[in-house]
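S.K.: The lines below spell out each chain.
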Amino acid sequence: MFVLLALHLLIGVGIVASGDRLGRRAFAVAALAPLATVVWAITQADAVLDGRPVVVEVTWVEQLGLGLDLRLDAFGLAMVALVSGIGFLVCVYAVGYFSHPKQGTARLAGLMTLFAGAMLGVVMADHLLALFVAWELTSVTSYLLIGNDDRSPRARAAALQAILITGTGGLVMLVGIIAVGHTAGTYRISELLADPPSGGVISGGLVCILIGAFTKSAQAPFGSWLPGAMVAPTPISAYLHSATMVKAGVYLVARLSPIFATTGNWRLLVLVVGATTMIIGGLRALRQYDLKLLLAYGTVSQLGFLMLLFGTGQYQIAQAGVALLLAHGAFKAALFMVVGMVDHEVGTRDIRELHGFGSAWSPTLVVGVLGAASMAGLPPLFGFIAKEKALDGYVEHGDFIGSGAIVIVIVIGSILTFAYSARFVLGLFGVFGTDDADPRSRAAHAPSVLFLAPAAVLTVSTVAAGLAPVLVDRLVRASTLALQPGVTPSPVELWAGFNTALVLSLIVISTGLVLTAYRVPLGRLQRRASDAISWIPSAEQGFLACLRGMTDGSKRVTALVQNGSLPIYLAVIVTVAAVAPLIPAVSVFPSLPKLIDAPIQIPLGILVVVAALGAAVVRRRIAAALMLGAVGYGMAGLFIVQGAPDLALTQLVIETLATVLFVLVLRFLPTKWADRSPAIARPIRIGVSTLAGVSVFVMALVSSAARDDVAAPNISEEMIARSAPDAKGNNVVNVILVDFRGLDTLGEITVLLVAAVGAVALARTGRRRLIPGRREQGHARPDQGAGS
Amino acid sequence: MSLLIAFVASMLVGCGTWLLLQRRLSRIIIGVGLLGHGANLLLLVSGGRRGTAPLIGVGDAADFADPLPQALALTAIVITFGVTTFLLALGFRAWQISNDDVVEDDVEDRYIARRAQIDREVADEIEAERAQAAEEDRR
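From first to last, the protein sequence lines stand for chains A and B.
Position one of the first sequence corresponds to residue 244 (the numbering used here), numbered consecutively onward.
Position one of the second sequence corresponds to residue 418 (the numbering used here), numbered consecutively onward.
FYI, nobody ran anything at the bench for these hints, they're computed from the structure.
Here a beta-carbon is modelled for each residue, glycine too, at the ideal position from N, C-alpha and C.
Any given hint could be a false lead.
To be verified - Here are some of the chain A residues that sit facing chain B, going by a computed Cβ distance under 8 angstroms:
#, residue
1, Thr743
2, Val829
3, Pro833
4, Leu835
5, Lys837
6, Gly875
7, Ile897
8, Gly936
9, Ala998
Starting from the given sequences, assemble the full structure and let the hints guide the process.
M.R.: Given below as structure tokens:
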């Protein structure tokens, strides 16, 4: 299996790297990868369908339980049939479609191969995280494919919208996967199936996973990206946006429903969203004039239908889901191909500009009609069988709350499906053609055999599976078993007897015919209804509003937070630094220590505090600098009292030097200044300063009390004990500086050196403007580094 | 450790912060100096009780003040001096350029904050596209 994935990667990258040299032949090369996959799958099919999945396990990070575990079971095989089978046909089709390759056409082939590989990864991955990676790769390749025509703003916008929605959903899904996998203790789907976990975290995680699945499968209200994605060339739309990628969400729901359908709100969510999507998609499809958009909204509707079938967790209904998955892949891809052919030969796909075709088009039209008939659910086609199975499953086995309502939704949705299928066919035959449009379609050149062949193959399979369901019976049943082991799926039949489902099908068909017959007044009615509810924001508008809100919000935050004012930045930093340690400190606040240690502290303390206050308030720079010097000398005194003569000495030396430097620099500056700050600044500054002071006061008390509690011999005692014997020094502080923590001191000297170099450079930069001999302050420093 | 020392440290930090929040670089530098003093004092009193100087052979080792915070504070004093020096050089340069030492608002930041509305955003692009598509549909 890894060889197949590597083959996709190799061919894909190779084509992309070769640029436009291959032209449309690139698609012939690209077809090799899905062809190889199909051949391989056929060789494995027998064992897989007998319930012996192909498993490849590669351990990656064993400690984290991370592995690239691939597992191909029967359901995976059904998906591979879609991904690689249709992938191969689409590649062949694309050779005809891109008869006049433009710049970047070959790149499409490469990206499509890469996408096919990623999609194979999704359906083969057994590990949820591996699945996620492949899932995101399909989003990325889809983005590149939609936006391949990078000079078209419309393509760029559509690609961006698609990746924003599916990418966000994917990230939410990752949260859900981690929540589920972490709580359950395993990320492997097969193990989750064997031992289903439950609980609050699981329920929450499942909602996240569902959001990912809904965005990917264009469910309401996240479906706005899929119609936009139709700007991509038709082969891409046929492949990614109807047959494969958009099925990824459905696939995941199908995999997880047997495990989680009854956990939390899974079933409720899936059914409500699926039902809404099915109806809205159908209604929208009915209003389209663009054949491709009609199919796109039809796909949205069918994806909702698939959600309804897979989301229940009931194998009888899921079985219908498997059948519909295959049927939909076959007929929808064929229909897209027909639209592509019309677009390619006529130059339009607007049904108002089509006026029927010449007789050479008959095979193409047959393909289109059969595909639409299968979509509408007419016997004896595959689509009919799937729809019958779905209705039968819900009527006979839907024993959960709301299943009756879902049956009605499916019937209504199917009627709409019938109606838009009929619209497609009528449009193809030119019924909607307006008189003022050029009737060029009648003279259009018919598609070549090679161009038509892939769609014909799909149509043949649709008819064959309808007439002889035994062809797909084994695959559908084995897939159902793979989803939910130990059940007994019923056979897939064309004629299942005269039952409720058949009656419902007849209702669907007859009502659909009526709707088609009265399509003109109906269209008017629908337009009036949609005008009446136009005040409700659509999903599209919601998406744009979210996007706008996000950018506006970030602009506001940036303007507020990054406003360019240094005092505001510093105030924020100081406030956070002051408040953060206060919160834990309050809970361990100790009893107050004694007021003073020694009487001499009182005058020293007063000196320091008064000088500090003075430095803060005086309006002369030199005076403030001298006050700072006074603080320093007071500090030296306090150090001596505290028992730190080395500190005191250093402080005295440094303070003297610093004062000299201050005076040297400050004499250039004006002696006084005017305060131009707004009135509000003063109380804020006082507040922040007070906060910082209080915080330090509390920290001093708490930290020194915490120090007294230390019971075990602390590191300093060890240092005192080893100072003389090990380092041959009696001054313990000095020994620590130059010996025990010598590297720290080395770092300190480096800092001083850097500061000195910087200061010298700054001072010398503009020296020509100065009187010679006034650049002293750059030179005094290096000596001090050694002094410590 | 005494209440007085804690109070002195808090006053130093408070005054230092007040100066730090000013617009004049010279005041900010003095504020940094005060903050440095406050931090050193905090470091020292966090080391526990006061004692005799930790000189071996002078007095009893049991009465020694903790030497480790002293070593740390000593490093801090020197580093603060380095920072102060560098800031003073900056102030000197500021005076050379503007004859003053006011820290003005960052022009670029202000510009980013104000210009925000001119940007053409993703949403605009998509909306324009949709509008154009709707226009075509109507025709």
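S.K.: Are the hints correct? Go through all of them and say.
M.R.: Checked hints:
Annotation: interface hint on Thr743 (chain A) violated; nearest CB of chain B at approximately 42 angstroms, more than 8 angstroms. The restraint placing Val829 (chain A) at the interface with chain B is violated, with a minimum CB-CB distance near 15 angstroms, outside the 8 angstroms limit. For Pro833 (chain A), the interface hint is violated, the least distance from its beta-carbon to any beta-carbon of chain B being 10 angstroms, above 8 angstroms. With its C-beta approaching chain B no nearer than about 6 angstroms, Leu835 (chain A) sits inside the 8 angstroms limit, and its interface hint holds.
For Lys837 (chain A), the interface hint holds, the least distance from its beta-carbon to any beta-carbon of chain B being 6 angstroms, beneath 8 angstroms. Checking Gly875 (chain A) against chain B: minimum C-beta separation of about 7 angstroms stays under 8 angstroms; hint holds. Here the hint on Ile897 (chain A) is kept, as its CB sits about 5 angstroms from the closest CB of chain B, short of 8 angstroms. Hint on Gly936 (chain A) holds. Least Cβ distance to chain B is approximately 3 angstroms, under the 8 angstroms limit.
With 8 angstroms as the threshold, the beta carbon of Ala998 (chain A) comes within range of chain B, its nearest partner Cβ sitting at about 4 angstroms, so the hint holds.
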